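Q: Letter by letter, the chains look like this.
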Amino acid sequence: MLEVTGVETFYGNIQALRGVDVSIQQGEIVTLIGANGAGKSTLLMTICGNPRAASGRIAFEERDITTLPTYEIVRLGIAQSPEGRRIFPRMTVLENLQIGATIAEETYYEEDVQRVFKLFPLLCERQHQRGGTLSGGEQQMLAIGRALMSRPKLLLLDEPSLGLAPRLVAQIFEVIKEINESEGVTIFLVEQNAYHALRLAHRAYVMANGNILLTGTGQELLENDEIRAAYLEGGARKTDVGQSGNA
Amino acid sequence: MLGTFEYFVDQAINGVTLGAIYGLVAIGYTLVYGIIGMINFAHGEIFMIGAFVSIIAFLTLGLLGLTWVPLALLLVLIATMMLTAVYGWTLERVAYRPLRRSPRLAALITAIGMSIFLQNYVQLLQGARNKPLQQVISGGFEIMREGDYVVTLSYLQIFILLLTIVLMVVFTLVIGRTSLGRQQRSCEQDRDMAALLGVNVDRTISLTFVMGAVLASVAGLIFLLNYGVIDFYIGFLAGIKAFTAAVLGGIGSVPGAMLGGLLIGLIEALWSGYFTVEYKDVAAFSILILVLIFRPTGLLGTPDIEKV
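Those protein sequence lines, which keep their order, are chains S and U.
Going by the working numbering, the residue at position 202 of the first sequence is 248; the numbering climbs one at a time, nothing skipped.
Going by the working numbering, the residue at position 82 of the second sequence is 208; the numbering climbs one at a time, nothing skipped.
I should point out that these hints are in silico values taken from the structure, not numbers from a laboratory.
Treat the hints with care, as some may be off.
[As the list claims (entries may be wrong)] Chain S stretches covered by chain U per the calculated footprint, using a threshold of three residues with CB under 8 Å from any CB of chain U: (1) 62-74; (2) 132-143; (3) 146-157.
[As the list claims (entries may be wrong)] FRET-style restraints, in silico, Cβ to Cβ: (4) U/Arg303 - S/Ser69: 51 to 61 Å; (5) S/Thr153 - U/Ala409: 50 to 60 Å; (6) S/Gly73 - U/Leu306: 44 to 54 Å; (7) U/Pro224 - S/Pro167: 11 to 21 Å; (8) S/Glu107 - U/Thr186: 53 to 63 Å; (9) U/Val292 - S/Tyr57: 19 to 29 Å; (10) S/Leu259 - U/Ala232: 35 to 45 Å; (11) U/Pro224 - S/Asp110: 19 to 29 Å; (12) U/Ile284 - S/Thr113: 48 to 58 Å.
[Stated by the list, open to error] Derived contacts from chain U toward chain S, CB cut-off under 7 Å, selection only: (13) Val325; (14) Asn352; (15) Gly354.
Quick caveat: nothing in here was measured; it's all calculated off a predicted structure.
Every residue gets a Cβ at the ideal spot worked out from N, C-alpha and C, and that includes glycine.
Sequences are here, hints too, so could you generate the full structure?
A: This is how it looks when you write it as structure tokens:
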């Protein structure tokens, strides 16, 4: 479904991605784990064309999207809940969802709003509140809900558990699983919460310094000693895998 | 006479008429500032072009023998909105879009350059002399009388007020309720995120310039009808006044621009009426300075404090 081949991305002179290969099949949950600054968020943004890949190729459903403008890439069926959530602060919750439906057909709108409210009942209660007044967890739900409004085939989630209370983290992961299983949305999940992510994902990639270091099924990586040391046991022991890179 | 309520009402009517012009132009400043964070100093010239398109349209209709005023006004209104919109669109496309990612100073200097260019362009094409237009809407009715002093509300003023109110209501609904307005606000708040949701940011910015130009063109038409004479230089002072109005109301805030326009118009008219006409600009700009000192975000502007 998504083929990322040899992608390199720069911020000015700083190289953030150093030839990344990632492949995602229809219906999968694939997770990408790695330390801060490894280039995970950059990869998600590069898939959406901002920043643009300096070299390499990105194809979605066999179609080369490497040089398409962002708004056309997402029109093909890719939605992202980005790093920092980026809720429109001076728009209401409902308006945030409406803007998420920009590229969806209007006839689906009512149904889709109800679907998001069913996944996140809290958003329904707060639908007329401005986005900027929501708590972090509520904003996270809104960011995911907003991304779903476009009926994406592929959903890119950037650290949906960041800064959330443990109970909420479990709930968010539950929702991600539900979106994947009952609605057939393919999911590419960036996480620091490696334990949860690896248990949820069918397959996983490990990233450091702008490179993909390892790949395997979630189970394989959970049992991998290096991964355990770097990401699962509190991340206290640093190995090469865990060193943070630039960007 | 000076101390009577009638005199005050008379000046206030003038002030509101003037405020309509400033308010309509100010919205253009505030919209563009909101969405791309630059002051479009050529916006006053768009207003001036609106006035010129209007006068050309009136004269053309006159030549064609169309003299029924309501139809003529409607046609002129449509013509000036459409043609001036093309100017607004082209301005963004040619002068600002290539500089979208450059430092703000570059865009600012370009805007000043475009302002000078458009002034000279109109001067070259239309000549430097004043362009008079005979009164299109005449008459009015008396609303008050105090001895010999009669306060009239002219049909022209009624037309101006109604037109301005209708435009502002329609415009507020477009921004607040339509999908286009939502896209515009989303671009204003986070352009990259808007693009991630499939909003065509370039198109939205173009449409913002078009909207600003349409409102400014109507202000140009109103100016022409109200004063009956225009020249290539009218955009300069009106532009700066409207910009002052936008800052006074809180730049980035559309209701603020409307309120600021109204206030600047009133201040100017009342100052002219009670003190001296010569210092009316000083009065308007002094208010700007006071606002900047005591309330830098303007009357309706809010500093961006949001939970992150």
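Q: Does each hint fit the structure? Answer for all of them.
A: Now the hints, each set against the structure:
no.	hint	verdict
1	62-74	violated (count 0)
2	132-143	holds (count 6)
3	146-157	holds (count 3)
4	U/Arg303 - S/Ser69: 51 to 61 Å	44 Å, violated
5	S/Thr153 - U/Ala409: 50 to 60 Å	56 Å, holds
6	S/Gly73 - U/Leu306: 44 to 54 Å	36 Å, violated
7	U/Pro224 - S/Pro167: 11 to 21 Å	48 Å, violated
8	S/Glu107 - U/Thr186: 53 to 63 Å	54 Å, holds
9	U/Val292 - S/Tyr57: 19 to 29 Å	48 Å, violated
10	S/Leu259 - U/Ala232: 35 to 45 Å	42 Å, holds
11	U/Pro224 - S/Asp110: 19 to 29 Å	27 Å, holds
12	U/Ile284 - S/Thr113: 48 to 58 Å	56 Å, holds
13	Val325	6 Å, holds
14	Asn352	36 Å, violated
15	Gly354	42 Å, violated
In summary, the numbered hints that this structure violates are 1, 4, 6, 7, 9, 14, 15.
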